[in-house]
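Number of protein chains: 2
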Amino acid sequence: MVAVNSLVLATVDPFAKVLIYLIIILVSVKLGAELFERMKQPAVLGELIAGVILGNLVLLNSGWNFFEPMRAAILADHAAISIDMLARLGIIILLFEVGLGSSMKDMRQVGVLSFSVATVGVIASFVLGYFVSTFFISEVPKQILEIAPNFNIHIIHMFIGAALCATSVGITARVFHDIGRSQMIEARIVLGAAVVDDVLGLIILALASAIVASAEAGTIPSFFGIAKLTLVAIGFLIGAMVIGSLLIPRVVGLGAKFRTQGLMLITALIICFGLASLAGLSGLAPIVGAFAAGLVLEEIHFKDFGSDVGIKDLISPISTFLVPIFFVQIGIQVRLESFLNPAVVGISVGLIVAAILGKQACGLFITRKGIDRLTVGIGMIPRGEVELIFAGVGKSLGVLDDETFSAIVVMVMVTTFLTPPLLKWAVDRNKKSEPQAKMQDS
Amino acid sequence: MVAVNSLVLATVDPFAKVLIYLIIILVSVKLGAELFERMKQPAVLGELIAGVILGNLVLLNSGWNFFEPMRAAILADHAAISIDMLARLGIIILLFEVGLGSSMKDMRQVGVLSFSVATVGVIASFVLGYFVSTFFISEVPKQILEIAPNFNIHIIHMFIGAALCATSVGITARVFHDIGRSQMIEARIVLGAAVVDDVLGLIILALASAIVASAEAGTIPSFFGIAKLTLVAIGFLIGAMVIGSLLIPRVVGLGAKFRTQGLMLITALIICFGLASLAGLSGLAPIVGAFAAGLVLEEIHFKDFGSDVGIKDLISPISTFLVPIFFVQIGIQVRLESFLNPAVVGISVGLIVAAILGKQACGLFITRKGIDRLTVGIGMIPRGEVELIFAGVGKSLGVLDDETFSAIVVMVMVTTFLTPPLLKWAVDRNKKSEPQAKMQDS
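As you go down the protein sequences, you meet chains A and B in turn. Heads up: the first sequence runs through residues 1 to 442, numbered per my numbering. Heads up: the second sequence runs through residues 1001 to 1442, numbered per my numbering.
Worth flagging that the hints you see were computed from the coordinates, not collected in a lab. Glycine included, C-beta positions come from ideal geometry on N, C-alpha and C. Treat the hints with care, since some could be wrong.
If you want a taste of the chain A side facing chain B, the calculated C-beta under 8 Å gives, among others [unchecked claim]: (1) Leu-19; (2) Val-27; (3) Ala-33; (4) Met-39; (5) Ala-43; (6) Gly-280; (7) Gly-306; (8) Gly-310; (9) Leu-314; (10) Phe-321.
So that you can see chain A by itself, here it is in the shape it has in the complex (with noise of 0.2 Å):
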């Protein structure tokens, strides 16, 4: 196996390296996605654990370390680079997925119900996460403390603890959706929130790496600044919104007037890939503007392009390609070594116990009969790609180190674990009591 590695490592050039990883990591996640939906968990649990098999091989002596490039603090390498960037540009597409899936319309319609069940939830994971890293993380990094000095301790716990407030929206309507209540209004509270969650969570994002950067460049980030920056992620969403839904139609009206092939796609990847950026350079996470793209843009936009394939079939094969890279590259970062240090056993079980009992708030508010509290609480659980997001962007902040950082993916992995289950029992167990499920049974 060195021979091979080692082989594969001196004489590839790096173009030729960047093929063998897409070829390892595709069939990877997809054995990993396979195996978890035989036993009927969620897919995205395989990608992620394929991941962590793939960077953890090293762990056996067996001279695997094919992955050490793309677990190193700086990407020094070619192909290692253009994985992350591949892996970056899944995430764009992922979130811009996200965001066609549910269209404004969608986000006025949730209601109030859904939007006090996401606040609450999100304000408890918050609080609750903040105080289990108070109890088990006692120092700034070292990496961080050698650029900033003075960096406060309490921007690391507010970090995590913002890194556990998101309900992942595509796992918990996967869940729902396998278990064939779809429908039910616990269902449809608990989405709406999911999507409200998303956008919370990409707020808190935008501020939470705005806040490392200010203090990391020494600045002690005022109630002011923080305000303004709050304004800035929620006025760009808003206004993406406004002026997408102004500016859009005519955007897409003009590409559909263009003869060249293939000019739907590359309309809603320039909006996509605009708003991004746009996000970026206003200080927020790409993601945020990919997600309002997908938002702002729908299906009856591309109506003028007489295609008879709709603009989601058109973004589906791109991200069926690039999507299991971010998943994938992310488990591969998590260091499983870690877990030998109690300290970090500890915290990653701190932040489920914190990310279960934060999403049981959920119910607090709902005073309306008939609804399940616990159900809303369970189906509010599972964390998915938000998280993710946040640990990977406070790695590459230095916030988190690598035992947080595999921390909050192990809390990741065991809530998307947990919830099926729990979710049947909750349901299940809310179907005996009504009479209304006696007629479905009969």
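Please arrange chain B on chain A, whose structure you already have, making use of the hints.
Below, chain B alone, put in the same frame as chain A:
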């Protein structure tokens, strides 16, 4: 402009810069393609020229040097590395698509006539290109002499000759289609020959690169060594096809048993990347493998997936996104200032003449009556992706300096530009002298 540009370069993280590159590239490529389509010219010409303009805006003393990192001999910038990698993925996907478009059955049906037309045209173009090169190029580039003081200049002449060989099947097919003559006998001969040309061109590229690499390593490639390489290249293609036809239905069948989403596309990509990196590991260009993968894969292999979209429909959005990046990137690297040097203008004109005359030899051995040799000869003129790949590989090996690289790209542009009007003229001229044409006119 200076301010914006340095702001962007200085403060934006590499990924945001990748997004900005992508937006500029996608917008300008589609504007270029559209403009040329409206002028009834091949879209690919517009894409190349869009790239030339982007890369040479710096000449306007505008301070706009945003694309300089993509023109440097060594890509030092993360964003430039990423775009380069996307362009390479694009060319892999393009050759995979070309391969998917021509089945092994087609290859067998092309027949002896197309094969002889292709071979004669390739040999004549090679010989003419070689002599043009001896006329204009009298010394080995310094960067090569530094690593290989005994480098033989005839290897450069050979490389340039080889860079004229292959007719672009894509452009030829497009032109015949645009003038509504895809079914005429000359068109079928030319298209068949162009497919053979692709294969011959890829074999020649494999040979030429290997000879350059061995000369750079200080060894003079022996006749035996060249013969061995030829056998490896031909053996690879035949081997890939034979083993592929046996193995690939099983691999695809295995993929079809999976329940995970997107497996059809992922299976195809794994086969494409797999053969591409196998080709790379055997010392051939990765595109040879991608083309072989496309040849071997047939729509019918994927019937077990029970999907109502074909594999080409799934690959198409990915190529719509990535392929233009390749053409723009080639255009960006053209240095217009090279043409201030009369010698560069000379070699460009020489190569263009060699490229046109070389293919007029194609008709020499056509003895069957009723076939217009001039139409065949003109139909074979356009050069395209294989030559651009030659130019790119030659530049990265150091065997082509900026001037010769630019001359080859200009040769591709001019041949592509001249073919549509010339072919129309040849076909019309033919029509008048044939009674059959009258029936169509009435």
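Outcome of the hint check:
Among the interface hints, the one on Leu-19 (chain A) holds; its C-beta lies about 4 Å from the nearest C-beta in chain B, closer than the 8 Å criterion. Interface restraint check: Val-27 (chain A) against chain B, minimum CB-CB distance 6 Å, threshold 8 Å, status holds. With 8 Å as the threshold, the beta carbon of Ala-33 (chain A) comes within range of chain B, its nearest partner Cβ sitting at about 4 Å, so the hint holds. A cut of 8 Å between beta carbons decides the hint on Met-39 (chain A): the least distance to chain B is about 11 Å, and the hint is violated.
Interface hint status for Ala-43 (chain A): upheld, as the beta-carbon distance to the closest one in chain B is roughly 6 Å, under 8 Å. Annotation: Gly-280 (chain A) was flagged as interfacial toward chain B, and the flag holds, the nearest CB pair being 4 Å apart, inside 8 Å. At about 17 Å, the closest approach between the beta carbon of Gly-306 (chain A) and any beta carbon in chain B exceeds 8 Å, and the interface hint on this residue is violated. A hinted interface residue such as Gly-310 (chain A) counts as satisfied when its beta carbon comes closer than 8 Å to some beta carbon of chain B; here the least separation is about 12 Å, so the hint is violated.
About 5 Å separates the beta-carbon of Leu-314 (chain A) from the nearest beta-carbon of chain B, less than 8 Å, and the hint is met. Look at Phe-321 (chain A): its Cβ gets to within about 6 Å of chain B, closer than 8 Å, so that hint holds up.
In terms of the numbered hints stated before, the structure departs from hints 4, 7, 8, listed from lowest to highest.
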